[in-house]
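Novice: Each protein sequence line maps, in turn, to chains A and B. Residues in the first sequence are numbered consecutively from 8, following this note's numbering. Residues in the second sequence are numbered consecutively from -5, following this note's numbering.
Since the hints were made in silico from the structure, they are not lab data. The model shown is predicted, which means the values in this text are computed figures rather than measured ones. Check each hint, because a few of them may be wrong.
DEER-style ranges, computed between Cβ atoms [stated by the list, open to error]:
1) A:Gly10 x B:Asp22: 29 to 39 Å
2) B:Asn437 x A:Val161: 55 to 65 Å
3) A:Gly130 x B:Arg549: 26 to 36 Å
4) A:Asp75 x B:Asp22: 26 to 36 Å
5) B:Asp564 x A:Met8: 32 to 42 Å
Where chain B lies over chain A, by a calculated footprint (3+ residues, C-beta under 8 Å) [what the hints assert, rightly or not]:
6) 30 to 41
7) 49 to 56
8) 131 to 143
9) 148 to 158
C-beta: ideal position from N, C-alpha, C; glycine also.
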Amino acid sequence: MFGYEFYIDPERCIGCQACVNACAECDTHKGVPMITVDYLDRAHSIATVPAICMHCDDPTCAEVCPADAIKKGEDGVVQSALKPRCIACSNCVLACPFGIPKMMSKLELMMKCDMCYDRTSVGKRPMCATVCPSQALSYVTPERIERERREKPVNVFQFGRQTVTTKVYMMLPPEEIALTVDIVDFLWEKEAGG
Amino acid sequence: MAERPIPYEELIALYGPHLNYTPTGGWDEQREKPPDRLVKTHCCFCGQQCGIQLKVRDNQVVGFEPWEEFPFNQGMLCPKGVKRYLQNGHPDRLLDPLLRAPDGFRKATWDESLGFTARRLTEIQEKYGKDAVAMYGGASLTTEKAYLLGKFARVALGTRHIDYNGRLCMVSAGTAYKLAFGVDRSPNPWSDIPKAEVIFVIGANIAECAPITTSYIWRCRDQGGRLIVADPRMTPITRNADLYLPLRPGTDLALLMGILHVILRDGLENRAFIDAHTTGFEAVAKSAEAWDPLTVARETGVPPDAVEKAARWIGGAGRAIILHARGLEHQSKGVENCLAVINIALATGNIGREGAGCMMVTGQGNGQGGREHGQKCDQLPGQRSISDPAAREHVARVWGIAPEEIPQAGLSAVEIMEAIHRGEIKGLLSICFNPMVSLPDANYVREALEKLEFFGVVDFFLSETAQFADVVLAGSLQEEEEGVVCSAEGRVLHIQKAVDPPGNAWQDSRIYVELAKRLGKERFFPYREPREIFAELREASRGGVADYYGITYERIDAELGVFWPCPSADHPGTPRLFEGGRFFHPDGKARFQVTDWRPSGDPVDATFPIFLTTGRVVSQYLSGTQTRRIGALVDQFPRPRLEIHPRLAEPAGIATGDWVTITTRRDAITLEASVVRTIRPDTVFIAYHWPGGQSANRLTHRTLDPRSKIPEFKVSACRIEKAARAPEWVRTELPPGVPKPRKGLPIVASDQGGR
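Modelling step: build the complete structure from the supplied sequences, incorporating the hints.
Specialist: Written out as structure tokens, the structure reads:
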């Protein structure tokens, strides 16, 4: 969809997995989700984070593919591996700095998020960003993000010496966040010894 | 005497819950054959009633498509909404009426099963009196069905006793709002939430129980609004709370009184509003004097400075909204808790304005509409009181009977179970209610069902409760019958019929109409379709508090919902109540109500030193009759587990994945532990959606709020100990397809993240 961009804001995520379930509904991947939602550390926190393909400008997955099975379209979307070419070597799975591609061993095929090509190509928003109840995943115009959000969109990531620029934006907090890890810190009895 | 006809294990092998993962016809057909049509309707689950489009092919719901034009959710859905379509073509669907037989249940014709039902109901009423038969309804039914049930009980059966599963839902808030405001409805539309400067969420697990509401709260924060969350557990929205108040279960009233205390002590109240628009302030102000922050801290465990801060934020805001749900309501002082919220809203003048108010977050799909038109034991259509002579006269005229023929108020849901135990109620006809899972003290419920001389159930699946029935009448899913519902924000919505009921299943309303015919009451139930029931409902509600007279199916479609009250065709509806400080009492004023402290009905002591509180998870709905049959939703959270803080777990040698036995004054169950630092160290939590050995409600108690009659699910006393081995239910009760627990593997997929 022209003029729309994809924004991920993990801070908004409530871990409900609506995105995972909706992604699985796509009839091109038949019940298998191309997206994950993880607890960062359930023992210490309720924080969760969704992960979709970031659609890199220079996709590492495509660079390491010995079979030239991963293509990027003119719209910047990095596609799933082409079935006739993919040799199921898992190079892409190992090389992706964001840990996105999945090897479907039954199909001997790497599959990953293609930003709902079947939907966006006909003017619909990607399924995950449409259903997301907290809009941790949003597919909207940059103007709207600028107008409505305090967080800043970032699409340049540093992995060691590798700089990765992506089509998808990550929202970063405007100021430092303090993580709270233990309910005990909030209790009055701690002070009162109760 | 109605024990299960065959053992539980055999019943679940036959009738499920089985897990359905794929649309009817499979994924390949999904890809190759486009749907015949998309039906714009609403989700069948929670009270938010999100707009959704159902894909229909060959008279089956085979998928969904977001409905982005519907203003409330704009395409957003939770996992339950995404996967709801999988119940339509589910292999467990009841396709014929069932009659109890020596070897289980046998298929029967409608003629035989309806004839049997009518005969047994008549025999019991002739032998023991009209009130020996009771009815249960439910708040996931359309408003037409709810209205029909209320009329059926009073006109076709002539019994006082009809109540519904909403008795476990919103009745504490409903009672409080009626006392204070004269009306039982959230005063504000959801679009007000982002406009507040401060949002205070107390006793509401928004992210898991009303997921779309999260987006409204986040939008408030985007614009600089501050979020206060009070809960014994860190629920997912707590991650962005600006202030978190981890109160002890059952102490909400103390916290709310403390906040009011500081507001009044520091002169943050709105005197002009109080003087012009309210009564009873002085008595409430006096009652708040005792609740200084230190006293509150001792009772609640919330630090005094946090109480002060919450009060200053709420009292200092130009616009504040308080959101509350079952956490406040499910207590023996549930009404007081809700009244204490209202007292804060009134004292600060946060009511009747954009972005300012107190809002109950209604839980069930038609939790609002289902309690407005007559299936509550003490109510007639239009939120009218059954003891009000004028109300009885109006409704009797619409029904074509004499006012004195309408029975007086009957017993509430839990009280009906108690009356069955006492032998006063001998027959029960139930729909949309699974008390074996949802009522407290589940063993007591089972004993009651076993005592019934006749038990009839209308359901689309054989629920844990229907297993005890003498007759099961195969009814319809939400998408199989047209009607209206009212969402949590008071918006009346149109449910479309997307498909016909499968096999020989019938639309629910047809079942009751045909049953009325067999009871000789045909002329009072002449309806051929839901539209005719709605037409009568509009008349019955006319002039009442919940006035639907100006609402039609066509208006709802054109306006994407109409907020009641809507007394005439040219009335625009009422999204926000109490504008200009006008309330629904005859004097137009809101009433402050004094709230007395009362201890829990199941206090902690040396033997049972730990608080047990119960609640929900995002992938399950109510008793799980529907959602425990949908594969992906079960995978997301296959079994209940015990949430416990390491301070409590470590001395007992309990680690994540260990079996732990939880014992209360009723019973004991054994579940896997999930050791987390996100719950108070004096409290454990269990989600309640499961039956049998996994049932949290085997542990809960039957103490009721004296006015709302809601059970105290949120506060029980328990003790815990590490169990030596896996419990029996792992071997005998897990439905086919649900993986058995294995030590070392994550309890739920989401525990380790993803799948």
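Novice: Output the numbers, in ascending order, of every earlier hint that fails for this structure.
Specialist: none
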